[in-house]
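Note that the protein sequences, when read in sequence, are chains P and X.
Numbering of the first sequence is given in the working numbering, commencing with residue 1 and proceeding in unit increments.
Numbering of the second sequence is given in the working numbering, commencing with residue 124 and proceeding in unit increments.
These are computed hints drawn from the structure, not numbers from a lab.
Accuracy of the hints is not assured; some may be wrong.
Residues on chain X that point at chain P, a partial pick, calculated with CB under 7 Å [claimed, not checked]: (1) His131; (2) Met145; (3) Gln234.
Predicted model, so just to flag it, every value in this text is computed and none were measured.
Where a beta carbon is used, it is the ideal one built from N, C-alpha and C, also for glycine.
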Amino acid sequence: MKRIIIADDSATARMFIKRCLQIIGLGDAEFVEVEDGKQALEAAKEQPADLLLTDLNMPVMDGQTLVKWVKASPKLCDMPVVVITSAGNPAKEAQLLELGAHRVINKPVSPPVMMDALADFLD
Amino acid sequence: MIEHNPFHPAMIEAVKQTLENMVFMEILEERGAPTDIPPEDLVWSSLLINDPIQGEIRLAVPATLLKKITSNVFGIDEEEVTTSQAYDILNELLNTIAGLFVTKLLPETQQYHIGLPSLEAGPLPEIDEHTVVWHLINSEDEPLKIQAAGASLVALSKDNNG
């Protein structure tokens with residue numbers, strides 16, 4: 001069973017993301033929902049995940065800082081991180097990809113967008 | 124000078140894209156005299172745009188409509204909707220709308236920073252010369268209001284009225 005961490009301070013956003021993942025065939029995954037980057041990092045350290053989906057704008061620790069921490073950790077650096085943001089544009093996307101994000105998705109999320117972003121993960 | 128998309132349609136597009144995708148709600152611009160939201164039914168949320176322009180985006184809806192949206196999204200009866208669920212949805216809608224709006228306004232190479240949405244109490248602030256208002260309705264004629272406020276943000280509407 002795949003373990004997927006979803007980090008977003010909005011319960012609504014986490015629900016939408018989870019719903020999209022279920023629709024594209026990841027319904028049997030173990031979803032770990034957290035509210036900020038720090039909690040995501042703690043959850044990943046406690047038990048590595050197969051995938052981390054994170055919002056960009058969050059309190060405590062934002063998504064960009066989370067990507068940096070994950071990629072700097074020898075234990076976690078191989079975990080793919082997908083950033084889901086309402087504040088994205090090509091310049092921000094390039095910056096996040098350079099930091100090591102696997103993909104960057106703009107809100108509002110939809111199953112086709114999620115499917116495209118996670119195509120290699122689903123394979 | 125910043126090259127950007129027309130201000131007014133950028134917001135309409137952002138609201139439509141968000142509401143249609145997230146809550147399957149068709150949104151139209153209200154024609155004629157705008158429908159007021161009674162103060163006792165008003166719920167609104169606010170979000171700051173911090174950089175490279177400064178401004179505030181506000182989303183106001185009737186509490187009755189917000190309850191209906193929340194009920195649809197969570198797949199529960201309206202009586203089961205909690206205020207926490209409803210406010211979370213309002214904030215997430217505003218967060219998404221604001222992000223899309225600013226993305227549409229600014230050039231692709233321009234990074235920007237927006238704040239976190241927060242629920243506000245009381246009446247909406249008075250409209251001044253640095254505030255633009257969009258009066259919108261859904262297919263059942265229920266009103267939604269969006270305001271963009273702040274001199275540097277609203278100046279973009281004067282550069283290009285679209």
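Practice problem: List, from low to high, the hint numbers that the structure doesn't satisfy. | Solution: Hint 1 is the one this structure does not satisfy, whereas the remaining hints hold.
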